[in-house]
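Student: What follows is the residue order along each chain.
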Amino acid sequence: MEYKSDKIKKVLSASVPGFPFKAPNWPATVSRKPKQSKLGANYDTEWSRTYPVRMVRALFLDGIARPLIKTLIPPTVFGEDRIKDAPVPAIFAANHSSHLDTPLLASHIPARYRHKTVIGAGADYFFDRTWKAALWSGLAGAIPIERSRVNRRSSELAESLLKDGWSLIIFPEGGRTPDGFGQSFKAGIAQLAKKADVPVIPVYIKGTYDALGKNSRTFKPGPTSINFGLPLFLGADEDVRIFAKRIQQSVDQLSYELETDWWTARKAAAVEMTPELTGPAVKGWRDEWLRTKSKAIRIASASRWPKKN
Amino acid sequence: MSPRPGFILDVDKSTPPALFWHGEGFRLEKLPMGSRVIYPPEALDPLKDPLGAIAHALENPVGDSSPLSSLLFADMRLTIAFDDLSLPLPSMQPPDIRQLVIEQILDLAAAKGVDDVVLVAALALHRRMTESELRHILGDRIYDSFNKMGRLTQHDAEDRSNLIHLGLTDKGEDVEINKRAATSDLLVYVNVNLVSMDGGHKSVATGLASYKSLRHHHNVKTMVHSKSFMDRHNSQLHSSNWRMGRLIKEAGVKIFQVETTLNTNTFPDSFGFLQKREWEWNLKDRTGFIAASAALGKTPPWLSRKILHSIRSPYQLTGVTAGEVEAVHDITIENVFKQQLVEVHGQTDILTMGLPYIGPYNVNSIMNPILVYCLGLGYFFNMYKGMPLVRKGGVLILSHPTRREFDPTIHPSYIDFFDNVLADTTDPLEIESKYESAFATDPWYIHLYRTGHAYHGVHPFYMWYWGAHALDHLGAVIILGGDPKTVHRLGFMSASTMSDALEMAQSFIGPDPSLTHLHSPPLLMADVK
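So the sequences go chain by chain: A and B. Mapping to the working numbering: the first sequence position 78 is 78, numbers consecutive. Mapping to the working numbering: the second sequence position 220 is 220, numbers consecutive.
Here chain A stands alone, though its shape is the one from the complex (with noise of 0.2 Å):
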């Protein structure tokens, strides 16, 4: 309620600030109702999938995104047929290294999907500007995804499209990852999985960390590796925690498949040995020199089972 003498002339003798020519400042004491914007996990992404619309993505997907990324990054795409008879709809719960990975697999998943499919995308950064937004939801199908918190209205949009026969890619790690190292997956796909009743065809992709990682400043091209394993389906008692477990459990299967075999891996897997994609828990310099290693075993093996169709 008191103000310091001193300060009123040098206040008042201000020329009126650049309001209200220019917007308010919102007092420091006063707090503010979020606006509600029309962009992040709440932009409307329905044009997306107009039929015109649906038309010149998947011309860009066959046309433009498949040729190049086979020329940049060429996939060996591994598993196909374990998901040949898979439902569909379904949702793709893949692992994140890569801003990469999202063309790659929307362009190489089997064609039966390819054309029907939306991806989540996190809402904070590429729903974060108009343009971006539009630019996302246009060319690669991509729906708002609430990363950070829970959000209504994004896993309605979800098991809705789910629902609708639209089926779903996401990223269950949240984001990608910072170091090469995987990340635990949220839980959030297990319960949207139980809500649309649809099953969870894990996927590990490689080589995209290495070809552009979140922290690399330049493309390098080189080979990478899309790895779909069995559809998973929630047991009918199981727990949705239980399930969400073994669907990142999965995903760590298949990348020991692809870093070993596929017997070694189901070994290691039928006595719960298989390396977790999350790396060692302690972490230093070992981090790098345990990821290294494994880009060396893949140089060094032989050609893999199954190879693709």
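There may be inaccurate statements among the hints.
[Unchecked claim] Label-pair distances were calculated between CB atoms; the ranges are: (1) B:Lys-284 - A:Thr-29: 24 to 30 Å; (2) A:Gly-165 - B:Lys-48: 41 to 47 Å; (3) A:Trp-26 - B:Thr-287: 18 to 24 Å; (4) B:Asn-282 - A:Asp-85: 54 to 60 Å; (5) A:Val-30 - B:Ser-270: 25 to 31 Å; (6) A:Leu-39 - B:Gly-346: 42 to 48 Å; (7) A:Asp-128 - B:Ser-132: 53 to 59 Å; (8) B:Thr-287 - A:Thr-29: 25 to 31 Å; (9) B:Ser-507 - A:Val-30: 28 to 34 Å.
[Unchecked claim] Straight-line Cα separation of at most 27 Å, DSSO-like style, residue types lysine-lysine; simulated pairs: (10) A:Lys-22 - B:Lys-276; (11) B:Lys-254 - A:Lys-35; (12) A:Lys-22 - B:Lys-13; (13) B:Lys-227 - B:Lys-338; (14) A:Lys-22 - B:Lys-284; (15) B:Lys-284 - A:Lys-38; (16) B:Lys-254 - B:Lys-112; (17) B:Lys-276 - A:Lys-33; (18) B:Lys-298 - A:Lys-22; (19) A:Lys-33 - B:Lys-338; (20) B:Lys-434 - B:Lys-171; (21) B:Lys-276 - B:Lys-529; (22) A:Lys-33 - B:Lys-284; (23) B:Lys-13 - A:Lys-33; (24) B:Lys-284 - B:Lys-13; (25) B:Lys-171 - B:Lys-227; (26) A:Lys-35 - B:Lys-276; (27) B:Lys-13 - B:Lys-276; (28) A:Lys-38 - B:Lys-276; (29) B:Lys-48 - B:Lys-338; (30) B:Lys-48 - B:Lys-276; (31) B:Lys-13 - A:Lys-35; (32) A:Lys-132 - A:Lys-70.
These are computed hints drawn from the structure, not numbers from a lab. For every residue, glycine included, the Cβ atom is placed at its ideal position computed from N, Cα and C.
Guided by the hints, dock chain B onto chain A, whose structure is given.
Tutor: Using the frame of chain A, we list chain B on its own:
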């Protein structure tokens, strides 16, 4: 979303400048850090079915009263009195709420076969209204039906043939009111309760009274002891009116009171910025403000006035209650407080406020210096309950150009009051004792009041008395942006900038004063704890 209650902002360095009315324009003033700004509550949601609510109120009266339809009969004398154009401010967008209420009353009277119906505008000593003003309040249907038959009248406090003395109160106050109203079988009073001062017994005891009766409460002593006259239970003005009202009832005058309350939806969309807190101004509000400020700043005062007085407020009905006067008024006051009351903790050293182009006594006319004084010290200063917003000996800073401008048709006696009375003294008691009688009985002023559109000769005195409590309470009054000569005549100081005004204020109350700004429009009433 329900409307937000009133709000007190603590000014910090990021707070945008505060809006001040400045007569026919605006000022944006950066207030010192630590100041408080009291913002009024948002407009309440209106009644969904106003016509249905009026009909319900007339048939379901409160207090010791029967439904209106049962009080009407064929051979009766029915008088319908109504508030004049001084309420609401600015005037409502048509239809005026009085029109809606009176039309329903007349429908009921017509159904009962009542022939002897007279409408009376309760002017007290206010000016007579023009035809267009009456048409605005009552609507064409009522005006055309009643005016040509001489059944639409305006109370004449100097018409001895139409006044009746009903007796003296226990305090010796004369009660003399409109004879037609007092001798009717039923007097229906239709009011607009814009602020808590209005309504109740004041409607008839003041609105239909003569000078002889009014002088008992419109005097310096009563006004100084009305703390405030917006708070009925602490207002001697109201105590006197209540005594008179009860005497009127005892004298056998049967009154059916209809009181209405409006929300504070005061300005149309084009002036929407006036209704919003500055930091919530969007592009449209800022554009509106800049355009309005620039346009009003470039136009001469007479044209600015014409533009602003043409504004019609989109007020909406929030309550209508009918029946026995006191029971009705209790509900009405609750409704008014629900809309206007803001709880404020503690008094302030300096109170600032902007004064608009309009007050109760200059509708379609000029806000002359005496009305500036009355609006600031009489009305806005008194918009409190409990204790004044500003401490005893504090400083009031008003923002208004305060030009020496008068409307000789409407305020003839104001000119002489300003030139002769204020040149001699500004002390209310001295003014009252030395000059009131001469002005009140001046035949020329009485003639102008009765036949023209002039306020009664004594009216400027009452304006001065309205501010007597504030004059008694305050240490100094500074008019920001006021014409120095005119302001000096009022006995106040003029400052050209807020910075100067604050420095001047500090010379009275010392360094590091606290400051509170009463943000208006819309209207608010501070409940000072």
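Student: Hint by hint, say whether it matches the structure.
Tutor: Going down the list of hints, with the structure as the test:
Separated by about 25 Å at the C-beta atoms, B:Lys-284 and A:Thr-29 satisfy the suggested range of 24 to 30 Å. One distance hint, 41 to 47 Å for the beta-carbon pair A:Gly-165 and B:Lys-48, holds here, with the actual separation near 45 Å. For A:Trp-26 and B:Thr-287, the hinted distance range of 18 to 24 Å is satisfied, since their beta carbons lie about 19 Å from each other. Distance hint check for B:Asn-282 and A:Asp-85: the Cβ-Cβ separation is about 57 Å, which falls inside the suggested range of 54 to 60 Å.
Between A:Val-30 and B:Ser-270 the beta carbon distance is about 26 Å. The supplied range of 25 to 31 Å therefore holds. A hinted range of 42 to 48 Å for the beta carbons of A:Leu-39 and B:Gly-346 is consistent with their spacing of about 44 Å. Look at A:Asp-128 against B:Ser-132: about 57 Å separates their beta carbons, and that is inside 53 to 59 Å. For B:Thr-287 paired with A:Thr-29, a C-beta distance near 27 Å keeps the hint of 25 to 31 Å intact.
A C-beta distance of roughly 33 Å is found between B:Ser-507 and A:Val-30, which places it inside the suggested range of 28 to 34 Å. Taken as a hint, the A:Lys-22 and B:Lys-276 pair is honoured in the structure, with Cα atoms around 16 Å apart against an allowance of 27 Å. A C-alpha spacing of about 56 Å is found between B:Lys-254 and A:Lys-35, which places the hinted pair above 27 Å, so the restraint is violated. With a CA separation close to 16 Å, the supplied pair A:Lys-22 and B:Lys-13 stays within the 27 Å bound.
For a cut-off of 27 Å, the pair hint linking B:Lys-227 to B:Lys-338 stands: about 20 Å separates their Cα positions. Distance check on the hinted pair: A:Lys-22 and B:Lys-284 sit about 12 Å apart at the alpha-carbon level, within 27 Å; holds. For the hint pairing B:Lys-284 with A:Lys-38, the CA-to-CA distance comes to about 20 Å; that is within 27 Å, so the pair holds. Taking the CA atoms of B:Lys-254 and B:Lys-112, the gap is about 18 Å. The hint holds against a cut of 27 Å.
Between B:Lys-276 and A:Lys-33 the alpha-carbon distance is near 15 Å, which keeps this suggested pair within the 27 Å criterion. Proposed proximity of B:Lys-298 and A:Lys-22 is supported: the alpha carbons are some 22 Å apart, at most 27 Å. Pair hint A:Lys-33 plus B:Lys-338 holds up; C-alpha atoms about 24 Å apart against a cutoff of 27 Å. Taken as a hint, the B:Lys-434 and B:Lys-171 pair is honoured in the structure, with Cα atoms around 24 Å apart against an allowance of 27 Å.
Taking the CA atoms of B:Lys-276 and B:Lys-529, the gap is near 26 Å; set against the 27 Å cutoff, the hint holds. About 20 Å separates the Cα atoms of A:Lys-33 and B:Lys-284, which keeps this hinted pair within 27 Å; it holds. For the hint pairing B:Lys-13 with A:Lys-33, the CA-to-CA distance comes to about 20 Å; that is within 27 Å, so the pair holds. Only pairs whose Cα atoms come within 27 Å are accepted, and B:Lys-284 paired with B:Lys-13 is accepted, the gap being roughly 24 Å.
Note on B:Lys-171 and B:Lys-227: the hinted pairing holds, with a Cα-Cα distance of about 20 Å set against a maximum of 27 Å. Under the criterion of a C-alpha separation no larger than 27 Å, the hint pairing A:Lys-35 with B:Lys-276 is consistent with the structure, at around 17 Å. For the proposed pair B:Lys-13 and B:Lys-276, the alpha carbon gap of about 20 Å is at most 27 Å, so the pair holds. Using a Cα cut-off of 27 Å, the hinted pair A:Lys-38 and B:Lys-276 holds, with the two alpha carbons roughly 24 Å apart.
For the hint linking B:Lys-48 to B:Lys-338, the alpha-carbon distance of about 18 Å falls within 27 Å, and the restraint holds. For the hint linking B:Lys-48 to B:Lys-276, the alpha-carbon distance of about 24 Å falls within 27 Å, and the restraint holds. As the CA atoms of B:Lys-13 and A:Lys-35 are separated by approximately 23 Å, the hinted pair is consistent with the 27 Å bound. At most 27 Å may separate the alpha-carbon atoms for a hinted pair to count; A:Lys-132 and A:Lys-70 meet this at roughly 25 Å.
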